[in-house]
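Colleague: So you can see what is in the structure, the chains are spelled out below.
Protein chains: 2
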Amino acid sequence: MNACILAVGSEMLTPFKVDTNSLLITERLNGVGIDVRMKAVVADDIDEIAAVVRGALGWAHVLIVTGGLGPTEDDLTREAVARVLDVALKMDEGILEGLRERFARRGLVMSDNNRRQAMVPSGAIVLENRNGSAPGLMLTSGRTDIILLPGPPREMTPMLDAVIADRLAGKRGSGGLFRRTLKITGRPESEVDAVVQPIYSKWVHQAVPISTTILAALGQIELHLTASAPTADVAGSALDAAVAQLREALGPSVYSVDGRPLEAVVGAMLKERGMTIAVAESCSGGLLASRLTDVPGSSAYFERGVVCYSNRAKTELAGVPEETIRDYGAVSEPVATAMAEGIAARSHTDVGAGITGIAGPDGGTPEKPVGMVVVAVTVAGATKVRTLKLFGGRDMIKFQSAQAAMNMLRLMLM
Amino acid sequence: MNACILAVGSEMLTPFKVDTNSLLITERLNGVGIDVRMKAVVADDIDEIAAVVRGALGWAHVLIVTGGLGPTEDDLTREAVARVLDVALKMDEGILEGLRERFARRGLVMSDNNRRQAMVPSGAIVLENRNGSAPGLMLTSGRTDIILLPGPPREMTPMLDAVIADRLAGKRGSGGLFRRTLKITGRPESEVDAVVQPIYSKWVHQAVPISTTILAALGQIELHLTASAPTADVAGSALDAAVAQLREALGPSVYSVDGRPLEAVVGAMLKERGMTIAVAESCSGGLLASRLTDVPGSSAYFERGVVCYSNRAKTELAGVPEETIRDYGAVSEPVATAMAEGIAARSHTDVGAGITGIAGPDGGTPEKPVGMVVVAVTVAGATKVRTLKLFGGRDMIKFQSAQAAMNMLRLMLM
Chain F
1 MNACILAVGS
11 EMLTPFKVDT
21 NSLLITERLN
31 GVGIDVRMKA
41 VVADDIDEIA
51 AVVRGALGWA
61 HVLIVTGGLG
71 PTEDDLTREA
81 VARVLDVALK
91 MDEGILEGLR
101 ERFARRGLVM
111 SDNNRRQAMV
121 PSGAIVLENR
131 NGSAPGLMLT
141 SGRTDIILLP
151 GPPREMTPML
161 DAVIADRLAG
171 KRGSGGLFRR
181 TLKITGRPES
191 EVDAVVQPIY
201 SKWVHQAVPI
211 STTILAALGQ
221 IELHLTASAP
231 TADVAGSALD
241 AAVAQLREAL
251 GPSVYSVDGR
261 PLEAVVGAML
271 KERGMTIAVA
281 ESCSGGLLAS
291 RLTDVPGSSA
301 YFERGVVCYS
311 NRAKTELAGV
321 PEETIRDYGA
331 VSEPVATAMA
341 EGIAARSHTD
351 VGAGITGIAG
361 PDGGTPEKPV
371 GMVVVAVTVA
381 GATKVRTLKL
391 FGGRDMIKFQ
401 SAQAAMNMLR
411 LMLM
Chain X
1 MNACILAVGS
11 EMLTPFKVDT
21 NSLLITERLN
31 GVGIDVRMKA
41 VVADDIDEIA
51 AVVRGALGWA
61 HVLIVTGGLG
71 PTEDDLTREA
81 VARVLDVALK
91 MDEGILEGLR
101 ERFARRGLVM
111 SDNNRRQAMV
121 PSGAIVLENR
131 NGSAPGLMLT
141 SGRTDIILLP
151 GPPREMTPML
161 DAVIADRLAG
171 KRGSGGLFRR
181 TLKITGRPES
191 EVDAVVQPIY
201 SKWVHQAVPI
211 STTILAALGQ
221 IELHLTASAP
231 TADVAGSALD
241 AAVAQLREAL
251 GPSVYSVDGR
261 PLEAVVGAML
271 KERGMTIAVA
281 ESCSGGLLAS
291 RLTDVPGSSA
301 YFERGVVCYS
311 NRAKTELAGV
321 PEETIRDYGA
331 VSEPVATAMA
341 EGIAARSHTD
351 VGAGITGIAG
361 PDGGTPEKPV
371 GMVVVAVTVA
381 GATKVRTLKL
391 FGGRDMIKFQ
401 SAQAAMNMLR
411 LMLM
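Those protein sequence lines, which keep their order, are chains F and X.
Read the first sequence against the numbering used here and you will find it ends at 414, with the numbers running on by one and no gaps.
Read the second sequence against the numbering used here and you will find it ends at 414, with the numbers running on by one and no gaps.
Keep in mind the hints are simulated off the structure, nothing from the lab.
Source: prediction; values computed, not measured.
Note that beta-carbon positions come from the ideal geometry of N, C-alpha and C, so glycine has one too.
Which chain F residues stay away from chain X? Per the calculated CB distances, all over 10 Å, these:
| no. | residue |
| --- | --- |
| 1 | Val32 |
| 2 | Met119 |
| 3 | Gly186 |
| 4 | Gln206 |
| 5 | Gly219 |
| 6 | Ser237 |
Pairs of lysine-lysine residues, derived as DSS-like cross-links and limited to a Cα-Cα distance of at most 27 Å, are as follows:
| no. | chain 1 | residue 1 | chain 2 | residue 2 |
| --- | --- | --- | --- | --- |
| 7 | F | Lys183 | F | Lys384 |
| 8 | F | Lys183 | X | Lys17 |
| 9 | X | Lys389 | X | Lys183 |
| 10 | F | Lys17 | X | Lys17 |
| 11 | F | Lys271 | X | Lys368 |
| 12 | X | Lys384 | X | Lys271 |
| 13 | X | Lys17 | F | Lys202 |
| 14 | X | Lys183 | X | Lys384 |
| 15 | F | Lys368 | F | Lys384 |
| 16 | F | Lys271 | F | Lys183 |
| 17 | F | Lys384 | F | Lys271 |
| 18 | F | Lys202 | F | Lys183 |
| 19 | F | Lys389 | F | Lys183 |
| 20 | F | Lys368 | X | Lys271 |
| 21 | X | Lys183 | X | Lys202 |
| 22 | F | Lys17 | X | Lys183 |
| 23 | X | Lys384 | X | Lys368 |
| 24 | X | Lys202 | F | Lys17 |
| 25 | X | Lys183 | X | Lys271 |
| 26 | F | Lys368 | F | Lys389 |
| 27 | X | Lys389 | X | Lys368 |
Throw the hints in and build the complete structure from the sequences for me.
Modeller: Structure below.
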């Protein structure tokens with residue numbers, strides 16, 4: 001089965017914004033054996049939306065349209081689809097009542113423009129939106145299922161998952177594309193590719209062929225495996241074998257085979273061991289604490305964090321001796337070690353992490369250039385410290401610093 | 001003049017890769033007054049490439065196709081365009097000779113598949129590629145200029161710039177598209193739209209027409225204004241007037257008219273006033289500190305941050321009296337106030353911020369549900385505190401909490 005994805009919104013035709021919804025939609029459609037053959041973005045223009053919808057009806061089994069369902073005058077997806085299918089738009093009293101209630105719950109009176117969101121093309125099934133006001137819609141024309149979803153990802157994603165489970169998963173032909181993602185940190189892309197290329201190049205020709213894509217960013221590499229197989233079970237066995245080969249070859253630098261981010265992997269390890277953590281950060285500016293606390297339930301192990309930008313804060317909050325800073329400088333292994341050990345001692349936690357460095361763009365010197373970052377981790381009294389040379393802008397240096405601290409901790413806990 | 005951008009390549013229809021060439025192409029086309037009205041991505045399939053090309057000939061003045069010009073069998077852009085225009089493909093001896101020389105310079109013999117790259121649709125102008133082997137091509141059909149460019153950005157970009165300078169800049173109507181972005185926080189989208197719609201709806205018909213798009217996410221709304229004008233000066237005056245009208249109508253909820261994020265706006269205000277800041281965070285988990293320190297040069301005003309997840313940490317790090325937590329609960333206005341005032345006092349800063357709340361998904365109660373967040377900000381001894389009801393997942397509640405704290409500070413500093 002073939003799909004077309006259409007994103008509606010003039011803002012996505014500016015130089016500033018790219019349609020990322022289509023990546024998640026593609027992943028979900030592939031998961032039930034539906035291949036995406038075309039993606040398009042058009043402006044908030046009824047003729048232009050209608051032209052793409054009309055074109056897709058000629059060949060697509062599934063057409064997913066995101067955006068243009070909101071309350072404003074330039075939300076025109078409903079009108080365009082009704083025009084192509086030559087059906088009337090009618091006010092749906094159930095939706096209207098739901099909208100009124102939604103506003104009332106927040107102590108607001110619904111403004112009149114919201115009534116647009118209750119207009120439904122005749123024959124459409126209404127898809128509930130639990131996270132926003134615009135409901136989704138599903139229509140059928142010939143062999144094409146047309147699914148209209150709101151643009152914001154947090155509204156769109158659960159609605160897509162529901163419509164796939166309820167309506168699309170059953171309709172697919174046998175077989176499909178099944179994927180697995182390995183996440184790797186602590187090694188450069190070229191090294192990872194040199195290790196894995198001889199392995200994955202053979203998979204293309206096996207009974208259940210698997211194709212492999214490497215996606216590299218600073219601080220993180222992902223290997224995406226895609227198996228084409230008649231059933232999920234057949235694909236699963238082939239992918240399990242492939243993942244096992246890669247893990248064998250790459251060793252502990254693989255931190256996730258189930259999509260979880262590093263903070264969730266490390267968090268689960270801490271929880272399993274009944275350990276608690278406290279962190280002291282300078283150049284990462286709170287990003288390590290923020291990533292660790294992105295994980296639901298992290299309050300079970302995350303005790304506290306301190307962001308000690310100034311030298312005085314390093315001493316007051318993490319107990320770094322003034323003379324250590326004076327003798328070695330704020331960006332040094334003794335200071336990072338004192339931060340990790342000091343924050344753990346003061347917080348009575350099993351684990352402490354310390355990060356100090358130069359995130360740039362200013363503040364570098366020939367001896368201590370921008371991107372020099374020192375990371376220390378202490379676990380139950382044993383401390384490791386590493387000096388890193390990182391590349392990229394300020395945000396990437398912050399990200400990689402936090403990544404390195406979590407990866408050191410992961411390896412120490414293994 | 002209107003443009004369509006088509007990216008050819010099956011890899012861009014996987015869940016892992018997005019077409020980013022189109023952002024640069026859009027910027028360059030906008031710069032010479034050409035509006036991008038549609039973007040599409042199709043697989044390496046001759047019928048599918050041809051369908052989009054055929055569709056664009058109906059309305060586009062410019063069609064830019066990237067990718068599918070290489071030497072392999074799945075590079076089919078040349079064939080598809082020749083089919084739509086009903087012209088023959090001919091071997092271009094000049095290109096072939098250039099390819100042979102290119103390989104010879106590197107001490108290589110050209111493999112036979114490279115001959116494909118010398119095939120040219122009859123009537124095409126050849127565009128030189130200084131950074132790769134595949135030349136570009138330009139053809140005209142009716143009112144549409146069709147420009148075929150290679151996919152790799154370092155090959156594509158200089159060729160695009162050359163063809164725009166040589167061929168498109170002169171043909172355009174005079175003028176270009178000029179943009180301005182307003183960022184707004186603290187008000188819901190429907191309310192902002194109700195205020196601004198009567199204003200911007202008139203701009204479409206004025207001498208220098210301005211079109212407006214609203215982009216809303218939790219905690220932030222953007223208004224994108226696009227003026228179509230003969231010169232940057234003319235556009236600038238019209239946009240200045242438009243921005244002034246919107247600021248007047250929206251008041252202080254507009255925090256940026258130059259693209260800067262809230263943390264940069266607040267940071268600049270602190271710097272200007274020679275003030276310093278310290279923050280104490282519970283449910284936002286360090287995100288406020290991390291966003292404040294995302295700004296280059298923030299060490300001039302950011303003194304420290306503490307992430308006090310546990311009650312003990314709130315007392316030890318921010319000086320919140322134990323009895324305040326006992327009497328009112330950790331998520332309460334007295335505790336948030338004590339966090340803001342305590343961290344400022346201990347750090348000797350002018351400004352303190354305190355955030356406490358329930359980020360979820362667990363930990364909510366009927367009295368204090370998930371999304372209840374209390375934010376306090378103290379500036380030179382005067383403190384304000386607000387209790388918020390936020391929606392969305394854990395990450396969005398964290399984001400909005402940090403956003404609310406920075407916005408309160410901004411309004412207090414104004």
